[in-house]
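Novice: Spelled out, the chains give:
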Amino acid sequence: MSTLHTVNKSPFERETMATAFGHAARGDAVLIIEDGVYGVRKGTTFAKTIEESCAICKVYALGPDLAARGIKTADMIDGVKVVGYDGFVDLVAGHGRVCAWL
Amino acid sequence: MSEQPKKSFLYINRKAPYGTIYALESLEVVLIGAAFEQDVALAFVGDGVFQLIEGQDSSAIGMKNFSKTYRALGDYDVRKLYVERESLAERGLSESDLMPLTYEDEAEDYAEKPSIHCVDRTEMARIIGAADVVQSF
Chain C
0 MSTLHTVNKS PFERETMATA FGHAARGDAV LIIEDGVYGV RKGTTFAKTI
50 EESCAICKVY ALGPDLAARG IKTADMIDGV KVVGYDGFVD LVAGHGRVCA
100 WL
Chain B
0 MSEQPKKSFL YINRKAPYGT IYALESLEVV LIGAAFEQDV ALAFVGDGVF
50 QLIEGQDSSA IGMKNFSKTY RALGDYDVRK LYVERESLAE RGLSESDLMP
100 LTYEDEAEDY AEKPSIHCVD RTEMARIIGA ADVVQSF
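So the protein lines, in turn, are chains C and B.
Letter by letter, the first sequence follows residues 0 to 101 in numbering that gives the first Met the number 0.
Letter by letter, the second sequence follows residues 0 to 136 in numbering that gives the first Met the number 0.
Just chain C, same shape as in the assembly (with noise of 0.2 Å):
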């Protein structure tokens, strides 16, 4: 079964994004939260790896945390999805392991 990986931290701040998307495999999950979420907004100098990543595996990010740091859906890069915490925990029992990139 494929591997489910989390980010948390900003990809401005740390490399642990750049790092969880080197490492994920094709048909992978990356579910990206917390500070993470600052990554997926389009325009930035990170956008490029997460595009390109959408092509190889799928990318998510949490709801809750979007909204807290103001991140609107017309804000995101196209093909990453939004997923509540319900979603978090269908994507945590739909994958065989969880890599959290803390």
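Hints may be right or wrong, so weigh each one.
Unchecked claim - Derived lysine-lysine pairs resembling BS3-like cross-links, with alpha carbons at most 30 Å apart: (1) B:K112 x C:K80; (2) B:K112 x B:K6; (3) B:K6 x C:K41; (4) B:K79 x C:K71; (5) C:K71 x B:K112.
Just so you know, these hints were derived from the structure itself, not from any lab.
Given the structure of chain C, go ahead and fit chain B onto it with the hints provided.
Specialist: Only chain B this time, still in chain C's reference frame:
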């Protein structure tokens, strides 16, 4: 005891809100400094610029939305918020994505004036160099 001369304090904010406690703690310290009638200015550099984004709603993550507190800074005579342009651009942001923060200028019949000043990195370096005391969060 003679009165101490006023000092200029610059608080540099470098962290995003909610993920860590730094942004909220900085704001607390700023308000304390302002209560002692010091010359207080804030700088927003790196991920710190995210603190000022308009439209934050933290109700679903169970944390206090303290972004509203920045709007009160003007009432505490904190009128200088310097935001680094390069930091905004790297994060896909522009000045229009920020909260419109203002203060009332009593010298001009309480006219509302903007507190946020976007400056480039060179100017930010000069602002840091001109402060008596610098605290970085």
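Novice: It remains to establish, for every hint, whether it holds in the given structure.
Specialist: Each hint, compared with the structure:
1. B:K112 x C:K80: violated, 40 Å
2. B:K112 x B:K6: Answer holds: B:K112 to B:K6 is near 24 Å, not above 30 Å.
3. B:K6 x C:K41: violated, 41 Å
4. B:K79 x C:K71: holds, 28 Å
5. C:K71 x B:K112: Holds - the C-alpha atoms of B:K112 and C:K71 are around 28 Å apart, at most 30 Å.
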